[in-house]
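Each protein sequence line maps, in turn, to chains B and V.
As numbered in this note's numbering, the first sequence has no gaps in its residue numbers, which increase by one up to the final residue, 210.
As numbered in this note's numbering, the second sequence has no gaps in its residue numbers, which increase by one up to the final residue, 1210.
Simulated from the structure, these hints should not be mistaken for laboratory data.
Quick caveat: nothing in here was measured; it's all calculated off a predicted structure.
From the three backbone atoms N, C-alpha and C, an ideal C-beta is built for every residue, glycine too.
Among the hints, a few may not be true.
Straight-line C-alpha distance at most 20 Å; calculated EDC-like pairs for lysine to aspartate or glutamate [as the list claims (entries may be wrong)]:
id : chain 1 : residue 1 : chain 2 : residue 2
1  : B       : Lys194    : V       : Asp1169
2  : V       : Lys1079   : V       : Glu1036
3  : B       : Lys145    : B       : Asp169
4  : B       : Lys145    : B       : Asp188
5  : V       : Lys1145   : V       : Asp1063
6  : V       : Lys1194   : B       : Asp117
So these bits of chain B aren't anywhere near chain V, every CB distance computed over 12 Å [to be verified]:
id : residue
7  : Asp15
8  : Glu36
9  : His37
10 : Asp130
There are 2 protein chains.
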Amino acid sequence: MRVAILIFDRITALDAIGPYEVLSRLPDAEVVFVSEHAGMRRSDRGSLGLHADRSIDEVTAADILVVPGGPGAREDVVKNPRVLEWVRDIDRGTTWTTSVCTGAIVLGAAGLLRGLDATTHWAHLERLRDYGANPVSRRVVEQGKIITAAGVSSGIDMALRLAQIVAGDRVAQSLQLWIEYDPAPPFDSGSPAKASAETIRLTRSMMTPR
Amino acid sequence: MRVAILIFDRITALDAIGPYEVLSRLPDAEVVFVSEHAGMRRSDRGSLGLHADRSIDEVTAADILVVPGGPGAREDVVKNPRVLEWVRDIDRGTTWTTSVCTGAIVLGAAGLLRGLDATTHWAHLERLRDYGANPVSRRVVEQGKIITAAGVSSGIDMALRLAQIVAGDRVAQSLQLWIEYDPAPPFDSGSPAKASAETIRLTRSMMTPR
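Okay, chain B solo, but in the shape it has when bound (with noise of 0.2 Å):
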């Protein structure tokens, strides 16, 4: 079963590797970090670089897609029709297309939202009608074989699903035994539902780039 993770500068990375830790725990999971072209790119917070070992020219096939978010999801890849084009040709043949955060904005500028329910970042939600689709705040959301979850950290979560669907709940419940996904934060603020109106604001300046 083949994994293909879609990857670009200013990414947030733990879209990414959040899903990739739980998926390539898969029996018999083949997973591939893609780019518009092979090498390596950097995340938004610019410290850390990660490699795409192939370019979206060499992956022409996938059971699972993930696209993850960031920056350059939603300000770069929704402009770029070249891999907006292979976002929508790996997913005629997928199995699952799933995206974490922002990534669903590329999903939607790849035109696979249009009369779905769909979930990204709770600050980036409103943005998911532009493409026609119906924004939802939920951790994970399922329609169909598309498979959209909020931000960052909530890809494990969406990848734990989807070990369930695809392989069942025994293997599913071993890979979060395996990461160890027993989550104990030091807050409940997880959500705008459950942060103060205090943290939201803060947390708004905070993602504000100066």
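Position chain V relative to chain B; hints supplied.
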């Protein structure tokens, strides 16, 4: 504030990227990925290349040190005197020295856990005794400036706790919201205390290299 994240071949990528995603968003944080030699390292699943921008010779000080785990940590780095000496040297100047997963075994091999409570991936917990540490089944264990976290995904929780310590509740809560860390796994089998005996058996068998 400089954060140095040690990487190496056969690293478990999420061990590093979880803390990176949180700590790199701290105001004034500068993150550097460092390895014995600068250049691309491959993850434990083989399919991902992570780039070390700096060699250990180029990084002589850090405020926060993060040592991730993986087979490369517990089998290779623990036997590499140059890297262990670097870990000891950096630790002398850090405000916080941290590990995720079997990165704790590297801290142990460097002699930094003697007499301390510490944690690591549940499947390797007892090995901490080899280094004079007292193994503790907790997600995050704080002992003075040494903070160890449990398996793989626990680095996210550890980093949020560290963010709370260094930047206060408001900033840490905002980082949690920024990365939308509102976990909702489809199961509750993320620790050996919660998983079924059958899941633990299957996980151990999946974790054994063929």
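Item to check | B/Asp15 remote from chain V - nearest C-beta pair above 12 Å | outcome: Label violated. Min Cβ-Cβ 9 Å, cutoff 12 Å.
Checklist entry - Given the hinted pair V/Lys1194 and B/Asp117, is their alpha-carbon gap at most 20 Å? => result 33 Å, violated
Checklist entry - Taking only the CA atoms, is the gap from B/Lys194 to V/Asp1169 under or equal to 20 Å? => result The hint holds at about 15 Å.
Checklist entry - Does the claim that B/Glu36 lies off the interface hold, with its Cβ farther than 12 Å from every Cβ of chain V? => result B/Glu36 clear of chain V: closest Cβ-Cβ about 17 Å, beyond 12 Å.
Checklist entry - Per the stated criterion, does the least C-beta distance between B/Asp130 and chain V lie above 12 Å, as a non-interface residue requires? => result 21 Å, holds
Next on the checklist: For a C-alpha distance cap of 20 Å, please report whether V/Lys1145 and V/Asp1063 respect it.
Outcome noted: 11 Å, holds
Checklist entry - Going straight from one Cα to the other, do B/Lys145 and B/Asp169 come out at no more than 20 Å? => result 19 Å, holds
Item to check | V/Lys1079 paired with V/Glu1036 [C-alpha distance capped at 20 Å] | outcome: 13 Å, holds
Item to check | Satisfaction of hint between B/Asp188 and B/Lys145, Cα-Cα up to 20 Å | outcome: Not OK: B/Lys145 and B/Asp188 at ~31 Å, beyond 20 Å, violated.
Checklist entry - Regarding the assertion that B/His37 does not contact chain V, is the least Cβ-Cβ distance greater than 12 Å? => result 14 Å, holds
The structure shown violates the earlier hints numbered 4, 6, 7.
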